[in-house]
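If you read the sequences in order, they're chains S and R.
Per the numbering used here, residue 1 is the first one in the first sequence, and the count goes up by one each step.
Per the numbering used here, residue 1 is the first one in the second sequence, and the count goes up by one each step.
These are calculated hints, taken from the structure and not from any lab test.
Fair warning: there could be bad hints in the mix.
[Stated by the list, open to error] Computed beta-carbon distance windows for the label pairs:
(1) R:E78 / S:K378: 49 to 59 Å
(2) S:W448 / R:E266: 38 to 48 Å
(3) R:M1 / S:T254: 17 to 27 Å
(4) R:G230 / S:R379: 50 to 60 Å
(5) S:D402 / R:L179: 35 to 45 Å
(6) S:I244 / R:Q247: 29 to 39 Å
(7) S:K141 / R:D39: 35 to 45 Å
(8) R:D80 / S:T245: 15 to 25 Å
Even for Gly, the Cβ is constructed at its ideal location relative to N, Cα and C.
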Amino acid sequence: MTRQPARFPEELKKKLRARFNEDWRKELRRKISVKERLAIERVAMPENEPMERIKGFFEVNKGYTPEMAMEEARRCLDCANPTCVLGCPVAIDIPTFIKLIEKGDFIGAVKIIKETNSLPAVCGRVCPQEDQCEGHCAYVKMGKKPVAIGNLERFVADYERAAGEVEIPEIKLKKGKKVAVIGAGPAGLTAAGELAKMGYDVTIFEALHEPGGVLMYGIPEFRLPKSILKEELDYLRRLGVKIITDFVVGKTATIEELKEEGYEAFFIGSGAGAPWFLGLPGEELNGVYSANEYLTRVNLMRAFQFPEYDTPIPRGKRVAVIGAGNTAMDAVRTAKRLGAEHAMIVYRRSRAEMPARIEEIKHAEEEGIEFIFLTNPKRFIGDENGWVKQMECIRMELGEPDASGRRRPIPIPGSEFLIDVDIVIIAIGTKPNPLIPQTTPGLELAKWGEIKVNWDTMETSIPGVFAGGDIVRGGATVILAMGDGRKAAYQIDRFLSEKRD
Amino acid sequence: MYRIIFNRPIAERIKHMRVVAPFIASKRRPGNFVILIPDEKGERIPLTIVDSDPHQGTIDLIYQEVGTSTFKLGLKREGDYLYRIVGPLGKPTHIEKFGTVVAIGGGVGIAPLYPIAKGMKEAGNRIVTILGARKKELIILEKEMGEISDDLRVWTDDGSYGKKGLVTHGLQELIDEGLKIDMVLAIGPAIMMKFVTKMAAEHNLPIIVSLNPIMVDGTGMCGACRVVVGGEIKFACVDGPEFDGHQVDFDNLILRLKAYRKYEIESLERFAGFYPEVKTYLQGGVR
Chain S
1 MTRQPARFPE ELKKKLRARF NEDWRKELRR KISVKERLAI ERVAMPENEP MERIKGFFEV
61 NKGYTPEMAM EEARRCLDCA NPTCVLGCPV AIDIPTFIKL IEKGDFIGAV KIIKETNSLP
121 AVCGRVCPQE DQCEGHCAYV KMGKKPVAIG NLERFVADYE RAAGEVEIPE IKLKKGKKVA
181 VIGAGPAGLT AAGELAKMGY DVTIFEALHE PGGVLMYGIP EFRLPKSILK EELDYLRRLG
241 VKIITDFVVG KTATIEELKE EGYEAFFIGS GAGAPWFLGL PGEELNGVYS ANEYLTRVNL
301 MRAFQFPEYD TPIPRGKRVA VIGAGNTAMD AVRTAKRLGA EHAMIVYRRS RAEMPARIEE
361 IKHAEEEGIE FIFLTNPKRF IGDENGWVKQ MECIRMELGE PDASGRRRPI PIPGSEFLID
421 VDIVIIAIGT KPNPLIPQTT PGLELAKWGE IKVNWDTMET SIPGVFAGGD IVRGGATVIL
481 AMGDGRKAAY QIDRFLSEKR D
Chain R
1 MYRIIFNRPI AERIKHMRVV APFIASKRRP GNFVILIPDE KGERIPLTIV DSDPHQGTID
61 LIYQEVGTST FKLGLKREGD YLYRIVGPLG KPTHIEKFGT VVAIGGGVGI APLYPIAKGM
121 KEAGNRIVTI LGARKKELII LEKEMGEISD DLRVWTDDGS YGKKGLVTHG LQELIDEGLK
181 IDMVLAIGPA IMMKFVTKMA AEHNLPIIVS LNPIMVDGTG MCGACRVVVG GEIKFACVDG
241 PEFDGHQVDF DNLILRLKAY RKYEIESLER FAGFYPEVKT YLQGGVR
């Protein structure tokens, strides 16, 4: 995976410094001493009880109350050199928004976030904060729990929506130019929002019948309620963005054909939608799913409401999920909610290497998910109807660190054993969807079919065609995709402005 | 929303629907399919595009009423709408001049066979067609297939129309007559394609089959439609739906097609509660 190095651009430094020196900030810093701030315990996120929540798909986290948010905001030391901002892929002015919360100005706080992040209600819920902003918090260096930046972001975004105060920014002069955005996931939605605010005529083309991309088909209701996504989509529509669903760019029309329809620039955010399988014997059996299929059936097609909805999903009693990332956690917790007696994570490394967010692992543990570490499947065994009934596994041990820095798992010879299963879900990652690359001549690709871009401009090998999110990164996070979408939007503006003459 | 121009029966429980979908109509090629959703609570189901009129912006679909989704389609009337339709999906057929092409269609499989055979005819091939079904009432598109065929023979299991026997008997008959066959096209139930392929293998004939696994998104995203071809996993939606028949693991396809049988029956029984017409059909026994 390509990672952009974190930088503190001069302009950002200046902005942060100026706000840091505003009188109200100085005042707040004086009001409570550092010692007092350090003594405040991190405010825990209120959650629904594990045994209650596994009966349904409602959201696990209940969100802070205003009092809780202000209490948590008081913990923030308002550092002169706010390293948390460096940890944020879209460089949100974190100290300013937190200090506005401390002051009780929640709407002011959300406005600060929205300067660089158009989907705070989503990011506050699904960002891996421990690797980003919170991982860089000064508290961490002191061996303490970081300020709950993600919880605070979520709080102000929810507050704004509940208050009905979501403001539609005034659209500057209409530019009279058409831009096509391909894919209505986090990258595409962000790019579309930014371009619409600049005055472009933006149309999003989405292959599925509902927009949202992974936010719709992938992330379950209990982690990201669809009502939040729907409101974000309404916001975009009110900005004037057109969303055309059931339109597969590359099939329904190619980029070349859309150019003929008058689109002058393109943003490809088609995601890493193609699942990896393991290549093991028995993978073709019934009851073996990709996480994409399993989650799509449940989230997009609402199979958990079968037979009211027509798409079925088998309700397994013994469900094994292969992998330990966020998608694996989503799948295994979904299986639990669909009535699995044993919902298991089978992972070839150990607890410490699990790539999922800490919160997802914690929630999974509370919900009674079983973790089988240092174990890898070798083959799947079916019954006489071709339905999976067992999985032969082998025990692993950890060797030397590999390219990812994590210790490489090595099979222990002769340690094979069987696990009884009736559903297996493979959640070992996804690769870029090849539909657009295959139908767009001249588009340069990287090793696994990712679209190559100039990282400074997000422009592809075709002038006027930009790309971002998982289609260039191969499988990253919502916030990185959004960062790309935003960056590309500014570059598209530059491209189209220069094109005028 | 996609307006329905007509939706009429052409055989027992088989209907022909014409629907407005201008983009798809202008882009589709033989072998392409669409994914459609009958209504808000419906499934995504794949159907081959049988024909299109780019000027009118319409496409033609043919389906057999077997489950909730297809019964829902069957209840649509002229002027109604399909909730969603997306396409054209799948790789178009590789069409070239092979010489003599034997086009074998079984039951509702004649519908996807028609555009491919037509494409083959337009490329200059001689088309010898074998149509098969359980009985006379299930033979479709005989006239249309006749127009593009140099020779057309009908076989029924019960002998109620054409000759009595299976399509494999039809292929055997052509082989026995000494016909030089350059390509076989076979589309129909998986079990039919399996046995036609077996016979083709015995006579060293190349064969193309079009597979009909269960799909969800139809764009390569989920892998529901994976089939074993040449020992490897392929996605019928993006790698197919047509494959070299000799490479296909039909037994696996047959098992995978049955994966949701229990749910399909549950769903249809529930649906029949709302529609007496469907109930009557169910009482006749679900195949």
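Taking the CB of G230 (chain R) and the CB of R379 (chain S), does the distance hold inside 50 to 60 Å?
19 Å, violated
Assessment of proposed distance window 35 to 45 Å (beta carbons of D402 (chain S), L179 (chain R)):
This hint is violated: roughly 60 Å between Cβ atoms.
Would you say the C-beta atoms of M1 (chain R) and T254 (chain S) sit inside 17 to 27 Å of each other?
25 Å, holds
Could you see if the CB distance from W448 (chain S) to E266 (chain R) stays within 38 to 48 Å?
Because 40 Å falls inside the window, the suggested range holds.
Verify the CB-CB distance for K141 (chain S) and D39 (chain R) against the hinted window 35 to 45 Å.
57 Å, violated
Are D80 (chain R) and T245 (chain S) spaced within 15 to 25 Å by their CB atoms?
20 Å, holds
Beta-carbon spacing of I244 (chain S) to Q247 (chain R) - inside the hinted bounds 29 to 39 Å or not
For I244 (chain S) and Q247 (chain R) the Cβ distance comes to about 37 Å; the hint holds.
Outcome of range test on Cβ distance (E78 (chain R), K378 (chain S); 49 to 59 Å)
Since E78 (chain R) and K378 (chain S) have Cβ atoms about 56 Å apart, the given range 49 to 59 Å holds.
In this structure, the hints that do not hold are numbers 4, 5, 7, in rising order.
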